[in-house]
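Asks: My request is simple: use the sequences and hints to build the entire structure.
Residue numbers (our numbering): 1 to 157.
Note that these hints are calculated values from the structure, not bench results.
Nothing here was measured: the structure is a model prediction, and the numbers come from that model.
Some hints here could point you the wrong way.
To be verified - The list that follows gives simulated cross-link-like pairs (lysine to any residue, SDA-like), each with its CA atoms no further than 20 Å apart:
| id | residue 1 | residue 2 |
| --- | --- | --- |
| 1 | K128 | D141 |
| 2 | K128 | H92 |
| 3 | K128 | Q117 |
| 4 | K128 | G85 |
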Amino acid sequence: LAGVRLAGDPEQEARVRTALGHLWLHMRAPEQADREFARAEQVYEMLGQAQPLQAVRVERAAALRMAGRLGEARDTAVMALREAGSLGPEDHDDMARALIELAYIDARAGNQIQARQSLDRAAELLRKAPADGRFTQADLDRAELAIDSPAAAPSGR
Numbered sequence: 001l002a003g004v005r006l007a008g009d010p011e012q013e014a015r016v017r018t019a020l021g022h023l024w025l026h027m028r029a030p031e032q033a034d035r036e037f038a039r040a041e042q043v044y045e046m047l048g049q050a051q052p053l054q055a056v057r058v059e060r061a062a063a064l065r066m067a068g069r070l071g072e073a074r075d076t077a078v079m080a081l082r083e084a085g086s087l088g089p090e091d092h093d094d095m096a097r098a099l100i101e102l103a104y105i106d107a108r109a110g111n112q113i114q115a116r117q118s119l120d121r122a123a124e125l126l127r128k129a130p131a132d133g134r135f136t137q138a139d140l141d142r143a144e145l146a147i148d149s150p151a152a153a154p155s156g157r
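Replies: What follows is the structure in structure tokens.
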């Protein structure tokens, strides 16, 4: 990683840190994932790259949720949702991903009504999204299961 940083390519550093964050999530190490995502967030902010910044915030919210830091997770997911709504033309995928993460967080916190509202909004976006989007019915179905059983919320991505 030092080589990437020293090479003067902060965008590549952010991509590598995001990939490391995903690796830590899959290894069930959310605190380490959070550190990588937080650094990627800083770099994308510095570069002014809104879309990858918003996407990494959703991933960071998941790491914080997995670490049991639900207040921080919710704040981060709400920030990502706001950013997705301000990216220009509505990006249904990014907004839906942020809403689904909010649903996971709220379900884990026992806020089933808020979780259901987030899922309903995500489902509405799914209906409007292009067929080739990153957000799919399977994502929504997994979230539905998590709402019904908060303990079933995915612990990794």
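Asks: Below or equal to 20 Å on CA atoms is what counts here, so check K128 against D141.
Replies: Holds, at roughly 17 Å.
Asks: With the threshold set at 20 Å, check whether the alpha-carbon distance from K128 to H92 stays at or below it.
Replies: The given pair, whose Cα atoms are some 7 Å apart, holds under the 20 Å limit.
Asks: Is the straight-line distance between the alpha-carbon of K128 and that of G85 20 Å or less?
Replies: Holds: K128 and G85 sit about 14 Å apart, inside 20 Å.
Asks: Need the status of pair K128, Q117: alpha-carbon distance at most 20 Å?
Replies: Given pair K128, Q117 holds - Cα atoms ~17 Å apart, limit 20 Å.
Checked against the numbered hints listed earlier, the structure breaks none of them; every hint is satisfied.
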